[in-house]
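Asker: Here is how the chains run, residue by residue.
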Amino acid sequence: MWQEYAIILIRGIGLGSVYALIAMSFNIVKVSSGILNFAQGNMFVLGGMLAYAAVALFGQPSFIVWLLLIPVAAIIIAVVLLIQGYLTLLPLSYSDDQQSWLITTMAVSIIIGAVLLLVQGPNALMVRSIFPNVPLFGMRVPAPFLLAIGLAVFWYVVLQWFLSKTLTGLAISALWQDPVAGRAAGLKVRRLQLLAFGLSGLIIGSTGFVAAPIITIASDSAVAYVLNGFVALVIGGVASNTGALIAGPLVGVAAMLATFKIGGEFQGLVSMLILVGILLIRPEGIFGSTAARRV
Amino acid sequence: MTSKISTGEHMIAARPSTARTGPSILDRSAKIQVVIGIAILVVATVVPSALGLSYWIGVINLATIYIVASVFMGLLLVDAGQVSFGHGAVFGAAAYAVGVACGMHGFSFPVGILFGVAAALVIGILFALPALRVQWFYLGFVTLSAAMVFPQMLFAFDSLTNGLNGISIPFTALNTPTAIGLSILSILSLVLGSLAILTSAIFPKTKLGRRMRVAAASPEAAQSLGISPGRMRFTAFMIASFGTGLAGVLYPPTVGFVSPNAFHLDISILFFFAVIVGGKGQPLGTIAGITLLYMLPNVFLAQLVEYRPLVYGLVAFLVMLLMPSGIIGGIVRWLTLRQKPQAMPALQFSQIVDATQSAKHPVGDIAIEIEGLRKVFGNVVAINNVSMNVRRGEIHGLVGANGSGKTSLLNVLNGFTNSDAGSVKVNGKEITSLKARDVAHLGVGRTFQTPRILEQLGAWDNVQIGLDAKLSPNPTRVSPAFVDSLRDTLGRLRTESIPHGQRRLLEVIRVILTDADILLLDEPAAGLSPEERVAFAGLLRDLRDKLGLTIVFVEHDLDLVARVADRVTVLESGAVIASGDVASVWENPRVKPLFVTVRHA
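In order, the protein sequence lines correspond to chains E and C.
Under the UniProt record's numbering, think of the first position of the first sequence as 1, with each following residue one higher.
Under the UniProt record's numbering, think of the first position of the second sequence as 1, with each following residue one higher.
Hints in this document: simulated from the structure, not taken from any laboratory.
Note that this is a predicted model, so its numbers are computed, not measured.
Just so it is clear, CB atoms sit at the ideal spot from N, CA and C, and this is done for glycine as well.
There may be inaccurate statements among the hints.
[Said to hold, decoys possible] Chain C side only, calculated, beta carbon under 8 Å to chain E, not exhaustive:
1) Val142
2) Ala262
3) Leu265
4) Ile269
5) Gly313
6) Lys429
7) Leu528
8) Pro530
9) Val534
10) Pro593
[What the hints assert, rightly or not] What follows is a list of derived Cβ distance ranges for each label pair:
11) C:Gly52 with E:Ile281: 56 to 62 Å
12) C:Leu160 with E:Met126: 32 to 38 Å
13) E:Ile281 with C:Gly106: 42 to 48 Å
Go ahead and model the full structure; you've got the sequences and the hints to work with.
Answerer: Now the structure itself:
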């Protein structure tokens with residue numbers, strides 16, 4: 001009995017680490033430009049497809065090759081995100097209407113989903129992990145669950161270091177505080193925002209690649225990942241990577257519990273109820289800060 | 001309060017000249033768009049029926065229904081500022097309620113309509129509840145997740161909904177052509193579509209529409225005008241759900257069946273995209289949006305089935321890239337850019353107050369009585385044991401360095417912030433536990449340091465919201481001739497082109513129009529030229545002498561304060577260091593050093 005819960009816990013934390021990584025990749029773009037990239041879920045699925053493509057091209061890779069392929073996948077997705085970022089930021093520089101990103105990022109999400117549907121049809125792709133299952137508590141846990149946890153910690157450390165110790169990272173953080181002052185201080189705002197898009201691509205590309213064996217790689221699976229990533233983002237507090245790292249696993253465990261206990265069709269409902277509950281009780285999230293009155 | 005009671009004899013008096021309402025106030029662009037829009041709907045409905053093209057009849061009916069749903073989604077987004085990515089769930093609930101009632105339980109269609117609209121309103125209430133607490137894209141995600149969950153629930157409760165198989169309902173009678181050649185269903189869709197287009201044009205020009213826009217654009221300004229932003233949001237969700245529900249109930253007879261797959265997230269996104277891609281706030285916008293996003297991929301490119309979502313995504317993406325204000329918005333912009341922008345003529349202060357009218361006022365010598373007031377923000381004591389009073393009919397200046405607590409004090413006086421200790425009585429009534437909008441109803445009006453002239457409203461609408469908030473049916477105290485000329489002037493202007501200094505004055509005029517007895521003005525003269533300041537001082541005196549208003553104003557220009565204020569209170573670090581008539585305060589040894597540098601700056 002307790003083993004069942006232990007498995008739910010480990011798988012939940014593993015899947016939740018994926019949500020935490022999605023939330024972190026949301027954060028970096030949100031901090032630099034205020035944009036919440038709806039297409040992030042599709043980028044994640046694309047990362048998973050790269051893992052499938054790697055197997056299709058080279059056969060089941062050895063550990064060393066697999067390790068080398070992670071940065072390759074990350075960079076490919078980063079390039080895709082750079083292009084998307086460039087196009088998304090384009091209308092913001094000549095229009096008064098600063099909300100076009102709502103539509104353009106959703107549209108990109110639809111376009112990628114449509115292309116995936118055209119290329120590989122409605123079925124999900126399966127990727128086999130190169131690692132054997134790990135024995136834990138007398139059960140066998142697929143290794144990618146554990147790898148995802150490691151990856152979340154890795155990117156968390158890198159992001160914290162980058163945003164608080166490097167000049168570029170500090171400049172990006174400054175944009176979140178006050179973009180106008182940042183521009184006045186001579187920051188190359190557009191370039192920093194593009195960099196953030198690229199960085200979010202590195203995060204999400206590597207996540208998709210590493211987690212490929214445990215996720216649904218299909219043309220229509222992206223929205224669910226975006227939604228769960230967003231729930232993690234809200235619970236953790238927008239712009240807080242620490243919050244994301246903690247909230248992601250919470251969401252993952254809750255989703256696993258819902259799937260095991262009341263059935264998969266209610267998983268979406270559970271995510272929604274968590275989201276609504278958090279927003280009603282503490283809209284700024286656990287690690288977020290409240291905004292002052294604007295009078 | 002008292003002014004509300006003493007108004008009986010004024011009821012028959014001349015109607016305020018500003019009561020002009022109705023569709024005649026639509027601007028030219030909106031009028032043209034409504035005419036074109038309804039003409040398009042009529043032609044598109046009549047031609048296929050006349051030629052007997054049954055496929056096209058169905059397509060046009062469905063497109064019209066989608067247009068109606070998008071119009072009401074747009075009302076929610078543009079007029080009430082509420083982001084809903086889940087409007088398809090409202091639509092789907094209405095359609096499914098009709099399907100279940102008529103298809104599974106044999107009720108007649110009119111009964112089904114009642115069920116459908118009720119179901120839409122229930123979902124609307126579910127959406128409105130989180131909207132009272134969260135806004136913007138948070139609300140977007142809540143509604144988005146609701147839209148994702150909706151079809152899952154249709155599956156999960158398949159004993160009620162028939163699950164994956166859906167419900168098939170022929171509704172033959174509704175689809176049979178009547179004597180005039182159109183089926184009842186076509187007539188219903190056409191009428192509903194035309195009404196929706198008309199609504200989208202007229203609603204922003206109604207009192208409710210303006211108040212909704214104020215609440216969306218600036219909740220502070222709304223509260224200071226006595227509007228509850230929460231109530232506005234709730235009302236918006238109810239109106240939008242009602243309209244969308246009416247569209248939803250026509251879905252089953254149009255398509256012939258309902259199934260969970262028809263109400264995926266896609267349909268919510270379609271409604272949202274249609275509003276933005278067509279052009280926010282443009283009556284023709286949703287027609288253009290649905291034509292491009294629904295008709296183009298699904299009807300005109302019907303042979304290329306597998307490319308539909310791609311075309312759909314690409315159209316939305318390209319339009320936003322090339323025309324960020326949408327198709328119709330872009331066209332209107334292009335047409336208006338060619339017109340010469342109008343400059344705003346300076347306002348003549350001396351004409352604002354009409355000396356021939358007198359107003360009744362609350363009696364009592366003290367308008368505001370503050371006793372031991374204290375407010376702490378974290379470690380900062382913003383208001384430190386302040387006791388002072390403002391006499392009725394005086395102009396009271398609040399001065400002090402930046403950060404001395406002047407605006408914090410105003411915020412307590414109009415109910416924005418709750419004090420930590422002490423008491424504030426306005427017209428003899430304790431207000432420390434009241435909300436800002438209740439204080440506004442007591443006759444306290446205020447302006448802001450950053451003027452709340454809202455670009456979401458037309459130039460004249462920005463003033464008219466003051467009239468909308470009028471506390472009594474008395475004729476306005478502002479000279480009707482001035483109001484008329486102001487309406488004519490502002491009616492031709494775009495809000496963006498109002499210069500900054502004039503914005504403050506418009507805000508002052510807006511507050512006077514609300515019938516407030518007590519005006520709290522936060523740096524009203526900032527940005528005025530020296531000549532305008534002299535005229536503005538005259539206006540303040542007129543407001544006091546001719547209308548008997550009580551005015552508290554925060555001001556850094558000490559010459560202006562000296563010129564008009566009856567009494568002055570000086571604040572430093574949240575505490576009163578001097579209070580009294582101007583001459584004695586100016587000579588106060590504690591005050592002098594504070595202003596020496598300022599006066600020569």
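Asker: All the hints need checking, so say for each whether the structure fits it.
Answerer: Right, here's what the structure says about each hint:
Given the 8 Å rule on beta carbons, the hint for Val142 (chain C) holds: about 6 Å separates it from the nearest Cβ of chain E. Here the hint on Ala262 (chain C) is broken, as its CB sits about 16 Å from the closest CB of chain E, past 8 Å. Restraint check, Leu265 (chain C) versus chain E: the minimum CB separation of about 6 Å is within 8 Å; hint holds. Interface restraint check for Ile269 (chain C): the shortest CB-CB distance to chain E comes to about 6 Å, inside 8 Å, so the restraint holds.
Interface restraint check for Gly313 (chain C): the shortest CB-CB distance to chain E comes to about 3 Å, inside 8 Å, so the restraint holds. The closest approach between the C-beta of Lys429 (chain C) and any C-beta of chain E is roughly 23 Å, which is over the 8 Å cut-off, so the hint fails. The restraint placing Leu528 (chain C) at the interface with chain E is violated, with a minimum CB-CB distance near 21 Å, outside the 8 Å limit. A hinted interface residue such as Pro530 (chain C) counts as satisfied when its beta carbon comes closer than 8 Å to some beta carbon of chain E; here the least separation is about 28 Å, so the hint is violated.
The interface hint given for Val534 (chain C) is violated, since its Cβ lies 29 Å from the closest Cβ of chain E, which is over the 8 Å cut-off. Because the smallest distance between the Cβ of Pro593 (chain C) and any Cβ of chain E comes to about 29 Å, over 8 Å, the interface hint for this residue is violated. About 59 Å separates the C-beta atoms of Gly52 (chain C) and Ile281 (chain E), a value consistent with the hinted range of 56 to 62 Å. In this structure, Leu160 (chain C) and Met126 (chain E) meet the distance hint of 32 to 38 Å, their C-beta atoms being roughly 35 Å apart.
One distance hint, 42 to 48 Å for the beta-carbon pair Ile281 (chain E) and Gly106 (chain C), holds here, with the actual separation near 44 Å.
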